[in-house]
Amino acid sequence: MFDTQSPFLPTGMPDAVSIAEDRLRHAIISGALAPGERLSEVGICKDYGVGRGIVRAALARLAHSGFVSSQPRSGWKVTPITAIGLREVMLGRRQLEPLLADVDLPPEEFRRLETLCDMHAALVAAHAAGLDEQIALARRYERQLKHLLVTHLRAPLIAGWLENLWDKSERYVGFLEARGGQKLPLADWNVFVDAKRSGRAQAARECLAEICETFARFTQARFLEADVVAVEPTSKKAKASAADLPVTVLSKSEINPKRAS
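Going by UniProt numbering, the sequence shown opens with residue 1, and the numbers climb by one from there.
Label pairs and their calculated CB-CB ranges:
hint	residue 1	residue 2	range
1	L157	Q182	33 to 39 Å
2	S70	D132	37 to 43 Å
3	D118	S18	30 to 36 Å
Hints were generated in silico from the structure; no laboratory data involved.
It should be emphasised that the depicted structure is a prediction, and the values quoted were computed from it without experimental measurement.
We put the CB at the ideal spot given by N, CA and C, even for glycine.
Please build the complete structure, drawing on both the sequences and the hints.
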């Protein structure tokens, strides 16, 4: 029988796979699919109303991005929250995010950047005044601002890496905020936009670097306070061997690299 939901069909199916991938990615980032949770292709098909071929292709893409892993004879598993995973995100952002300072925006796109920055600044001020519900909207504007910059990077591979790093950053921040209650401070993007407007590339790079360091300081401090080794559902076998596993944490020099340099 002809499989109308095969991911290898030439028309229509890439969009269906992308939609399924985006929905699963959002569920993982938001925590709806918990770290370490086992995933069943059949269960996902029922929950999302798509064919198994589409689900398998979407999960394969997410595995390539580091959000899930394939488990022999047991399906798929959501990537756990670990110190190593956090370290990879921090190192990747420190290396790649300052490249956005060199992005050249056309005049109309720079005006859009200014508009996004103004909206973000207004929400930051509202949050500072005690309107905590504005923080989620402010972060959405910040992500739009970053996306605008990265689409003009003229390096599609690096742009894809950055988008993936931002997705993972959002996942770690959401997880750690939910456990500890404290919120990651909102960035001041006016400094970056002012630097770009006046052609001060180095100042723009320093602003981006400080945003990365704010993320690093917050997540590592919350991570160490929570004493997280790897967050995933604990089986009887895992409990029995937990005493033999070393605690993986990050060094003080990685918590504050400026102090070590």
